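> Chain by chain, the residues run as shown.
2 protein chains.
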Amino acid sequence: MKAEIDFRPIILAGGSGTRFWPRSRRRRAKQLLALDGERTMIQQTVDRLGSLARPESLWVIANTLLSETIADQLHTLPAGQLVCEPVARNTAPAAGLAAFLIERSSPDAVLGLFPADHVIADQAKFRATIERGIALAAAGENIVALGIQPTRPETGYGYIESGEALTDDLLRVRRFTEKPNRERAEEFLSAGNYFWNSGIFLWSARTLANALREHLSETAPLLEEIAEAWGTPGFQDALRTAYPRCENISIDYAVLEPRSSKGEHHSNLYCLPADFGWNDLGSWAALYEHQLPIRGGSDGNVTDSAGALAVDARGNYVFSPDKFVALVGVHDLVVVETGDALLITTRERSQEVRRIVNELEGLREDLL
Amino acid sequence: MKAEIDFRPIILAGGSGTRFWPRSRRRRAKQLLALDGERTMIQQTVDRLGSLARPESLWVIANTLLSETIADQLHTLPAGQLVCEPVARNTAPAAGLAAFLIERSSPDAVLGLFPADHVIADQAKFRATIERGIALAAAGENIVALGIQPTRPETGYGYIESGEALTDDLLRVRRFTEKPNRERAEEFLSAGNYFWNSGIFLWSARTLANALREHLSETAPLLEEIAEAWGTPGFQDALRTAYPRCENISIDYAVLEPRSSKGEHHSNLYCLPADFGWNDLGSWAALYEHQLPIRGGSDGNVTDSAGALAVDARGNYVFSPDKFVALVGVHDLVVVETGDALLITTRERSQEVRRIVNELEGLREDLL
Chain A
1 MKAEIDFRPI ILAGGSGTRF WPRSRRRRAK QLLALDGERT MIQQTVDRLG SLARPESLWV
61 IANTLLSETI ADQLHTLPAG QLVCEPVARN TAPAAGLAAF LIERSSPDAV LGLFPADHVI
121 ADQAKFRATI ERGIALAAAG ENIVALGIQP TRPETGYGYI ESGEALTDDL LRVRRFTEKP
181 NRERAEEFLS AGNYFWNSGI FLWSARTLAN ALREHLSETA PLLEEIAEAW GTPGFQDALR
241 TAYPRCENIS IDYAVLEPRS SKGEHHSNLY CLPADFGWND LGSWAALYEH QLPIRGGSDG
301 NVTDSAGALA VDARGNYVFS PDKFVALVGV HDLVVVETGD ALLITTRERS QEVRRIVNEL
361 EGLREDLL
Chain B
1 MKAEIDFRPI ILAGGSGTRF WPRSRRRRAK QLLALDGERT MIQQTVDRLG SLARPESLWV
61 IANTLLSETI ADQLHTLPAG QLVCEPVARN TAPAAGLAAF LIERSSPDAV LGLFPADHVI
121 ADQAKFRATI ERGIALAAAG ENIVALGIQP TRPETGYGYI ESGEALTDDL LRVRRFTEKP
181 NRERAEEFLS AGNYFWNSGI FLWSARTLAN ALREHLSETA PLLEEIAEAW GTPGFQDALR
241 TAYPRCENIS IDYAVLEPRS SKGEHHSNLY CLPADFGWND LGSWAALYEH QLPIRGGSDG
301 NVTDSAGALA VDARGNYVFS PDKFVALVGV HDLVVVETGD ALLITTRERS QEVRRIVNEL
361 EGLREDLL
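Those protein sequence lines, which keep their order, are chains A and B. Here the first sequence is numbered in our numbering, starting from 1 and rising by one per residue. Here the second sequence is numbered in our numbering, starting from 1 and rising by one per residue.
Hints listed in this document are in silico derivations from the structure and should not be mistaken for laboratory results. None of these values were measured; they are calculated from a predicted model. Heads up, some of the hints might be wrong.
[Stated by the list, open to error] Listed below are several chain A residues computed to face chain B (Cβ distance under 7 Å; list not exhaustive):
{"id": "1", "residue": "Leu136"}
{"id": "2", "residue": "Arg259"}
{"id": "3", "residue": "Leu309"}
{"id": "4", "residue": "Val311"}
{"id": "5", "residue": "Leu327"}
{"id": "6", "residue": "Asp340"}
{"id": "7", "residue": "Ala341"}
{"id": "8", "residue": "Leu342"}
{"id": "9", "residue": "Thr345"}
{"id": "10", "residue": "Arg349"}
{"id": "11", "residue": "Glu352"}
{"id": "12", "residue": "Ile356"}
{"id": "13", "residue": "Asn358"}
{"id": "14", "residue": "Glu359"}
Glycine included, each C-beta is placed from N, C-alpha and C at the ideal position.
Next comes chain A alone, as it looks inside the complex (with noise of 0.2 Å):
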């Protein structure tokens, strides 16, 4: 990338990531995880922006539970841009306060927000995708959204409609949407024009810190208020006084939908299409389709532990690192076994997981 840009990833680590109950808990939520590989989902996201931003352009915005295994995976991070909402307010006020944050030394530095808890498997298109939309969003007041291609009709999943096709790759963005229904899923995925929301998005600081006076009047100035004490012995007190009142929003309902109902022409919203094998990870069975083509045998069971035989058997995903694992007889099962706990489900439903965590609250804390 050309040296004059100043890039600043931000690194939006709140998530709690019940889905991945037992191995995720509410001190060691899914980012914090080495679900594919060696290395956890924050520390590949830190690995492969490595390349485009010094360690101390980073930020990572989290909450308090996660700090201390954040602090420890990622040691090169400076203590101050780790900041920890006293309580989860979802993505607008996290992004909203490293804008706020940046903004007053470094306005047009270019922010990237980016997800802790993303697979990517090819990291030189990743590199070469973000270069791309640092320099459109270090371009005036642009704000670019990565939209990934879709290749199945995802209902767990927002997606950018896009409009006027300014070359082969860039496109203006007509429409943020919702979650789909399955309906409007396939009709999306055959008009062409829709790519799946991934979540990140380049902006220069004063235009998202601007973006949020516009569009989140109330909010802004609470995080304004504690970006003013960063730095000072009241940013603490500053934080935990403020941030607590900023509304509970996400980037794309506070900002990017009401920018878009501008018209495309008139919002400065672009959609850069991305390719670079993008997977959220968003339950056991999106691990086990990830993993499968990379470590799954050819009865198709992916088993993650010291040995396995599987007579009759198919389609089953099992963790179980210190065990030797047997299969007989079944099929498309989720079991995950940790120090505590043992998760018997099937890959089908292994998004209702959340229901376990919500049933154990109150009643086994210890195991949350």
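Based on the hints, put chain B in the right spot on chain A.
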């Protein structure tokens, strides 16, 4: 029971119990596991004989891999009465050795053969039935087989076909039959005069010894040779030399079937119907069915674990004693976790765990 009858329970504990892998291992076969309750199967077998015979009257025939654990679990058993087969030779040589050992000093003693790994629910009825059988066996050359009233067309058991009824609850034996196919098992069930072969037999030491001399004429002298050395320094040598040369055959095949061919009025074979809640626990599925009414939840799950939650999950058996178990949308599974292994199968196919054990041979001896 009458004081004058000298009763000697012979516990046949040589089974390898691969069907309860991964809990059962070569050195800790099914009979040495506390599958049902706090006491192990062999301890429960001894416990329920406690009111019928003094500890010093008891004999246990097992294999050398199990001897240490048996001695630990049955600390009142006289050391010399735990006889360890140097190689497995099925039940005829094991029972025969006991017969020849006891015949030398007490030919009129009544021997009861008891498998070490069955569950019996009603201890009082068991005691009453065995007392009746002892009295019958003490009278001359009678051979008494306990028959269980069948409740389903089970294909996993041998059957006793009864003949003439001598009283309401004593019948002559017409024939012993092997495990039937489904169609035959259904015929047996509807015929009304077939009983499950419990493996529990009563006869005097002389009667059994003579039956072996008659029906197993090559093996009987080898067993007599071993019996003669009992109590001398040469006993273990005799056992190691002669026992492997014995025929590898069950007592049913070796003695009971040929004897029954003499005809029900000449065989001295009697069937004593038994109704004391017998279950041979032949598989994880059988254990599930046995435990369901005792400790199963209203959703039909049996979970032996440190807590459990089920969401739309029914009919599962889970053994994971130190973990919290969460079941979501799964049915009729068997999941068993030990320190080094995790078995995942279905109730229907839980017998096939033997295939896993077979495959582990040579591959992972540490798991056997």
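> Does each hint hold? Answer for all of them.
Hints, verified against the model:
no.: 1; hint: Leu136; in the structure: 44 Å, violated
no.: 2; hint: Arg259; in the structure: 40 Å, violated
no.: 3; hint: Leu309; in the structure: 6 Å, holds
no.: 4; hint: Val311; in the structure: 5 Å, holds
no.: 5; hint: Leu327; in the structure: 5 Å, holds
no.: 6; hint: Asp340; in the structure: 6 Å, holds
no.: 7; hint: Ala341; in the structure: 5 Å, holds
no.: 8; hint: Leu342; in the structure: 5 Å, holds
no.: 9; hint: Thr345; in the structure: 4 Å, holds
no.: 10; hint: Arg349; in the structure: 4 Å, holds
no.: 11; hint: Glu352; in the structure: 5 Å, holds
no.: 12; hint: Ile356; in the structure: 4 Å, holds
no.: 13; hint: Asn358; in the structure: 10 Å, violated
no.: 14; hint: Glu359; in the structure: 6 Å, holds
Consistency with the previously given hints fails for numbers 1, 2, 13, ordered from lowest to highest.
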